[in-house]
Structure formats: C-alpha cells, structure tokens
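Going down the list, the sequences are from chains U and S.
Just remember that our numbering sits 22 ahead of the position in the first sequence, which is counted from 1.
Just remember that our numbering sits 22 ahead of the position in the second sequence, which is counted from 1.
If you are wondering where the hints come from, they were derived from the structure by calculation, not from laboratory data.
No experiment lies behind these values; they were computed from the predicted model shown.
Among the hints, a few may not be true.
Stated by the list, open to error - As a list, the in silico PhoX-like pairs of lysine-lysine whose alpha-carbon atoms are at most 20 Å apart:
1) S:137 with U:256
2) U:256 with S:125
3) U:70 with S:70
4) S:256 with S:304
5) U:122 with S:141
6) S:125 with S:137
7) U:63 with U:93
8) U:212 with U:289
9) U:70 with S:63
10) U:290 with U:212
11) U:313 with U:289
12) S:70 with U:137
13) S:304 with U:141
14) U:122 with S:122
15) U:63 with S:70
16) S:256 with S:98
17) U:141 with S:122
Claimed, not checked - Over the 10 Å line for every Cβ pair with chain S, so calculated as not near, a few chain U residues:
18) 46
19) 55
20) 56
21) 75
22) 120
23) 159
24) 190
25) 221
26) 235
27) 255
28) 261
29) 288
30) 297
31) 303
32) 370
Note that CB positions come from ideal geometry on N, CA and C, so glycine has one too.
Protein chains: 2
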Amino acid sequence: MSRFLSNELNNLEAYVPGEQPKDVKYIKLNTNESPYPPSPKVIEAINKLAVEGLNLYSDPDTRELTLSLAKFYSVKPEQIFVGNGSDEVLAFIFRAFFDKERKGCFPDITYGFYKVYAKSFGIDANQIPLRDDFTIDINNYINCGRNIIIANPNAPTGLVLSHEEIIKILKTNTDRVVVIDEAYVDFGSKSCIDLINSNHNLIVVQTFSKSRSLAGGRIGYAIASEEIIEDLNKIKFSFSPYNINSLSSIAGIASVKDEAYFHECNKKVIRTRERVKEEFRKLGFKVLDTKTNFVFVSHEDMAAREYHKKIRENGVLTRYYDEARIDNYVRITIGTDEEMNEVMKITEKILIEFASLGKVI
Amino acid sequence: MSRFLSNELNNLEAYVPGEQPKDVKYIKLNTNESPYPPSPKVIEAINKLAVEGLNLYSDPDTRELTLSLAKFYSVKPEQIFVGNGSDEVLAFIFRAFFDKERKGCFPDITYGFYKVYAKSFGIDANQIPLRDDFTIDINNYINCGRNIIIANPNAPTGLVLSHEEIIKILKTNTDRVVVIDEAYVDFGSKSCIDLINSNHNLIVVQTFSKSRSLAGGRIGYAIASEEIIEDLNKIKFSFSPYNINSLSSIAGIASVKDEAYFHECNKKVIRTRERVKEEFRKLGFKVLDTKTNFVFVSHEDMAAREYHKKIRENGVLTRYYDEARIDNYVRITIGTDEEMNEVMKITEKILIEFASLGKVI
Numbered sequence: 023m024s025r026f027l028s029n030e031l032n033n034l035e036a037y038v039p040g041e042q043p044k045d046v047k048y049i050k051l052n053t054n055e056s057p058y059p060p061s062p063k064v065i066e067a068i069n070k071l072a073v074e075g076l077n078l079y080s081d082p083d084t085r086e087l088t089l090s091l092a093k094f095y096s097v098k099p100e101q102i103f104v105g106n107g108s109d110e111v112l113a114f115i116f117r118a119f120f121d122k123e124r125k126g127c128f129p130d131i132t133y134g135f136y137k138v139y140a141k142s143f144g145i146d147a148n149q150i151p152l153r154d155d156f157t158i159d160i161n162n163y164i165n166c167g168r169n170i171i172i173a174n175p176n177a178p179t180g181l182v183l184s185h186e187e188i189i190k191i192l193k194t195n196t197d198r199v200v201v202i203d204e205a206y207v208d209f210g211s212k213s214c215i216d217l218i219n220s221n222h223n224l225i226v227v228q229t230f231s232k233s234r235s236l237a238g239g240r241i242g243y244a245i246a247s248e249e250i251i252e253d254l255n256k257i258k259f260s261f262s263p264y265n266i267n268s269l270s271s272i273a274g275i276a277s278v279k280d281e282a283y284f285h286e287c288n289k290k291v292i293r294t295r296e297r298v299k300e301e302f303r304k305l306g307f308k309v310l311d312t313k314t315n316f317v318f319v320s321h322e323d324m325a326a327r328e329y330h331k332k333i334r335e336n337g338v339l340t341r342y343y344d345e346a347r348i349d350n351y352v353r354i355t356i357g358t359d360e361e362m363n364e365v366m367k368i369t370e371k372i373l374i375e376f377a378s379l380g381k382v383i
Numbered sequence: 023m024s025r026f027l028s029n030e031l032n033n034l035e036a037y038v039p040g041e042q043p044k045d046v047k048y049i050k051l052n053t054n055e056s057p058y059p060p061s062p063k064v065i066e067a068i069n070k071l072a073v074e075g076l077n078l079y080s081d082p083d084t085r086e087l088t089l090s091l092a093k094f095y096s097v098k099p100e101q102i103f104v105g106n107g108s109d110e111v112l113a114f115i116f117r118a119f120f121d122k123e124r125k126g127c128f129p130d131i132t133y134g135f136y137k138v139y140a141k142s143f144g145i146d147a148n149q150i151p152l153r154d155d156f157t158i159d160i161n162n163y164i165n166c167g168r169n170i171i172i173a174n175p176n177a178p179t180g181l182v183l184s185h186e187e188i189i190k191i192l193k194t195n196t197d198r199v200v201v202i203d204e205a206y207v208d209f210g211s212k213s214c215i216d217l218i219n220s221n222h223n224l225i226v227v228q229t230f231s232k233s234r235s236l237a238g239g240r241i242g243y244a245i246a247s248e249e250i251i252e253d254l255n256k257i258k259f260s261f262s263p264y265n266i267n268s269l270s271s272i273a274g275i276a277s278v279k280d281e282a283y284f285h286e287c288n289k290k291v292i293r294t295r296e297r298v299k300e301e302f303r304k305l306g307f308k309v310l311d312t313k314t315n316f317v318f319v320s321h322e323d324m325a326a327r328e329y330h331k332k333i334r335e336n337g338v339l340t341r342y343y344d345e346a347r348i349d350n351y352v353r354i355t356i357g358t359d360e361e362m363n364e365v366m367k368i369t370e371k372i373l374i375e376f377a378s379l380g381k382v383i
C-alpha cells in the first residue's frame, strides 16, 4: 500500500478469481467457462479488416451490439446497458444505486463479488443465510427495505428461484432495486427479462462469458427500465465511455446472430450435466439440483478439500471454497463429454484410494 | 434519471466523446486517432486460434502484456498497471488517491475528462488558468498541497512542459501524487518514466490509442512505484478483475514487439504535422507549437466555429470546443499526407469564401 491511498479504501477487499494456470495443461473446470469455442460466425467476423480498423475508437454507445441484444430479447435498445463483462456492469450498479442510505442485501452463499463490491463502495450489506438445504427463503426478502441482489440460478449452489418467488420479491420492494444476476440462466432456467416492463425496480444482469463461449471477450449487460439504463450510462460516461473494445463488440454481434449455435452448445452442456449429476450420485456424492454449467458436490466419506487437491494432482482444476457451510463441497464446471468421462474415472480412483485409507473427513 | 439513483450522483457530469459518425464517409480528424492501421504483427497475432480461445477468461493479471511493457520501458513489471483504456486507468487513479481531503488540481484548459472525474468522485478540484499563451505556469503548482494532474503534452494545446519543470513540481509536492498523462508523448516529447524511481509520488499514464494505432483495442497503462501500482491493482480487483479482454491483450503484446513499425508511424505523423503547421501559418493561421498528433489553430479573419462547420460540410471532421478562451480554435488530428493535402485545399477554399463575404468573427 502506498501512503497516497485514500483512507476510505483501507479496508478494500479484492475478489480472488479462479486460478488461470499457464504452466501445466489441465482439464480446466474451475471458472465455469464453456468447453466449446465461440460460434464459427464470431471467428469469421474477427477478420483482417476488423483488426485493421483498430486504429479507430470503438463506438462509445455500443450501438450495434445493443440493437442485436434488443432484438434477441424483444426489448427496446434503451433498456440495455453493455459493460466490460458483467463484473463491470455490477460495479456500475453498485455505484449508481447503492449508498449509505440505500443499503443492500444478498444471500450468505452466492457470487463472492457482491460482498467485495459492498465493502469497496462502503455499503452496509446484509448477508442473509440460505436455508440448510441451500435454497433461498424468500420471506427474508419480502418488504426488506434494502436493495437486493440475487444470482438466479445461484452460485455456487446452482439452485433456482421460481418466477412467482421473484415476482413476490419485486412487488414488495418497489422502492428498492432488485438485481437478478442471470449469469447461468441459459442452462435451463427461466429469465426475468419478461418482468422488466411491469417492474421498474428490476435489473436483470447477464453475460457472454458462459453460455456464449466469450469469457475472454468481456461482455456483460443489464436489462431494465429506460430510466435505470440512462443512470448506468451516466455512470459509464463519467468513468470509461469507450468501455467495449471494437473486437469484443464485433464478436458479441456475431454471437447473438448465431442462435442455432447458442442453443446447440447449451443443450450439449445440459445433457452432459444431467448425465454427470447421475454419475456423481451413483458414486455416493450429494449433488445439488443445479441448473447451471457446473455441479456442486459433496461426499460423506471424503473431505472436499482433499478431493479438490487430489483431482488437481490428477490434472483437473475445480473450485473449492474454504468458507463456512460450503467447505465440504467442490464446484466442478461441466466440460465436454470426454473431459467429464475423465473426471468420473479419476473421481472413482480417488474414492477407492480414500476407502483404502479408511474414512477421512 | 430513475428514482433509484443515489443522491450523491445528482450532479454527475458525462464526458462527451468526439463524434463517431456511422453515416457519411468523412476524413476523420476529430478524435486524435492514428491514420495508420495497427502493426502487421497485430493483424497476424489475432488469428483463428486466438479467437477460438475466447471461451476462456482472459488473464486477470494481464501478465504477458505487462512483461512486454516492462521490458520496453526498462521498469519492473510490478511498476505497471494496465487498464481498459487510459480512461479507466485515470478513473482508478481518482478512486484510489483522491478524496475529500486529498483534493486535486489541473490546468483550466486540458483533457476535459479530469473535470468529469473530479465531479463524479466528489473531489474538490482547482482548475488553474494557463497563461495567455496557453503555457502552464509551474509556479502555480509549487507546494500546492493538492494532487496534480497534468497532460504533457497538454491537450488540446499540444504544448509541452520540460523535464526540469516537472521535476520541480514533483520535488515540491512529495506528499501528493503527481499524475503526468502522456497520451501524446510519442510524437516528439520526452517521457517522465525515467523519473519514477526517484519520485515515489509520480504516476505516468500512457495509452495505445494514439501512437500505437489501437484506439479500438482499449489499452492504457500507468507506470509508477510498486506501492502505487499495488493500490491500483487493489481497486481493479474490487471492481473489474478481468478488465483486459484476451484479444486486446494479444494486440498489445504484438504491438509492443514491433518497435520498428511504432517508430516509423510516429515519424510519419511528426513529419506530416511539421509540414501542416507551416502550411497553416502560410494561410495566416495562428498555430500552437504542438508536439502531438494534432494541431490547434486559430485564424483572425474567420471564426473557428464557422471554420469547423464549413470544413465538416466539406467532408472533414475536426474538434471544436465551445469553451471560454479556446472558442476561437479548432483542433485537427494529423491524418495521412493525402488527407492533410485535402484539408489544406479545403481550408484555402473556405478562407477565400470568407474573404469574399468580408471579415467574419
């Protein structure tokens, strides 16, 4: 820390992203990326001409990408805000709508960044415990008097709130923003975008990082009322007006246009996931009913920390959280069928090793 | 504005970027882009393989690009912070080092975004008048008790402070950060990077947008003490950890490696600029002694506002600021020789038209 740092930031906490190892070749199932490359149309679109044009600034209004998304989701372009990954979108949302008086709340177990934002923006944020089965008890959010952020599906549990439950939260908190982070919605749950026009307090956040195979392209977006989007644009134009680079914009547009590929990849992930859930259960794992591109698993006879370590030694990266309540779970991204076959084979081997050593927790 | 926006942001001011027209084909000399495409090595590096890899997250540490820059500038990688354009770098600098007590100051005529940042972060910022000839009087910055931001060369004047002057400012403000924004330094002035190790309060900011023909790639960086860079990383990891997308990173690395192309393009811009300065003077323009990739010109017999409008009607975009002291100047980016020949021809024509109408101010 330098002696120039503002005292207001003394307690700043950093988000710790999943490992991106450069050395060994791993089966990388630790950061919920898609195992499939972006649409062939994306690869086609980022051609010599596109790269040659990098001498010019990107469009600060990201107009063409916004129009594509508006068409895809049947909303007005004025209802869409595009950011440098949904992390930037969430940061702008915190900056715009949260302050000393507009406090926040979110589940105790959820995307770890919400806590980091709250701390970094000096926001009082309640972390509301999930039930013992890791479901969200919406009674805790009824008339709660705070801005609300819920990842739906939630991470790292993968569990989903129903439309009816979200509507209840929206209708009883009309003076507060309700942010529904749908990073994983394309893997089999229902989006809230259709609730935007009847709920002016709703902000839906989505990303190109998971279901569109563009994590490296950094594109996220918010869909909400025109007024809310106007606020987010105000923040952007006072912070980083050209936040979307030209090539990401081109990639995003091409990706949205290729609906067939989008649905095909997501179907493949869902099919692999359902099979893998079953196989983990057969090996004695507890497997939450995830609707995402990852599973969250736990085994009575094997400490998750050990499993995480052992499977890494066998060439597979997964994510382990050394946190209360979830410290006996491992989060595993759904890879290709071949990768998951390898995971199941290695897991079985590790279980046998554990059994031979006697029960280890 | 939505009713959810934080009251703290009621006075938010947005930066207004130069026009990026999509309709007509203009000679675009309004946002100081390079007229030359990025290095052929950049075009080569962004190949099919690179685009296919977009399903994976970019490196949150932007390690390889940081190493390239460290080598190029002979500093430690720990002394470099890379951001999504220098706008994001500057925003992070404001967030890190400015607050209610750590006030700011900068010239009254300079990059318009400094004022926007100050307002948006609620920072008390003095705007210190330039001298009548648009030079900076460094006496105003000696022991000034505030954080200082100076664009060097300054924009839109193009004028330069000497190393000796900057050292005086640094040495008399050791308890405050001094940010030297060197967006245009590669067009013939001297960088302060060599002062980093002996001045722990110095932050040099540079960009790939001008001299590296990568405005659309959005890459900026700060070079400073390891402690200051550590602070900026803390801000980044609590805001947008994956702020550099994979393709921009690849473009940046390839660009830094191609030193020959970098120097060649900058030499061409400088040569064209010096010729254009002379030609504007011959037409009776007052031309500041710019060391950038733009000229800032004024004519006694023709209101700048009118010239800006007329030259636009003739297919050339330039930048006009309707602001006190500079409202009779037009800023014109240096294009290719062919583009500037066209500009001079059109300018001469407009001058003759004006003369035939009688003197118009």
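Check the non-interface label on residue 288 (chain U): least C-beta distance to chain S beyond 10 Å or not.
holds (13 Å)
Within a Cα-Cα threshold of 20 Å, do residue 212 (chain U) and residue 289 (chain U) meet the stated pairing?
holds (15 Å)
Check the hint pairing residue 141 (chain U) with residue 122 (chain S) against an upper bound of 20 Å on the C-alpha distance.
holds (19 Å)
Residue 235 (chain U): least C-beta distance to chain S exceeds 10 Å?
Non-interface label on residue 235 (chain U) violated, nearest chain S Cβ at 4 Å vs cutoff 10 Å.
Taking the minimum C-beta separation from residue 56 (chain U) to chain S, is that value above 10 Å?
At about 5 Å from chain S, residue 56 (chain U) fails to clear the 10 Å cut-off, so the statement is violated.
Is residue 122 (chain U) close enough to residue 141 (chain S), meaning Cα to Cα at most 20 Å?
holds (19 Å)
Is the hinted pair residue 63 (chain U) and residue 70 (chain S) satisfied, with a Cα-Cα distance of at most 20 Å?
holds (11 Å)
So if I understand the rule, the pair passes when the alpha-carbon distance is 20 Å or less; does residue 256 (chain S) with residue 98 (chain S) pass?
holds (18 Å)
Quickly compare the C-alpha distance for residue 125 (chain S) and residue 137 (chain S) to 20 Å and report which way the hint goes.
holds (12 Å)
Please verify whether residue 70 (chain S) and residue 137 (chain U) have alpha carbons no more than 20 Å apart.
violated (38 Å)
Classify the label on residue 190 (chain U) as holds or violated, using whether its beta-carbon is more than 10 Å from each beta-carbon of chain S.
Consistent with the label, residue 190 (chain U) stays out of reach of chain S, its closest Cβ about 19 Å off (over 10 Å).
Verify that the Cβ of residue 255 (chain U) lies farther than 10 Å from every Cβ atom of chain S, and report whether the claim holds or is violated.
Violated: least Cβ distance 8 Å, not greater than 10 Å.
When held up to the earlier numbered hints, the structure conflicts with 2, 4, 12, 13, 19, 20, 21, 22, 26, 27, 28 and fits the remainder.
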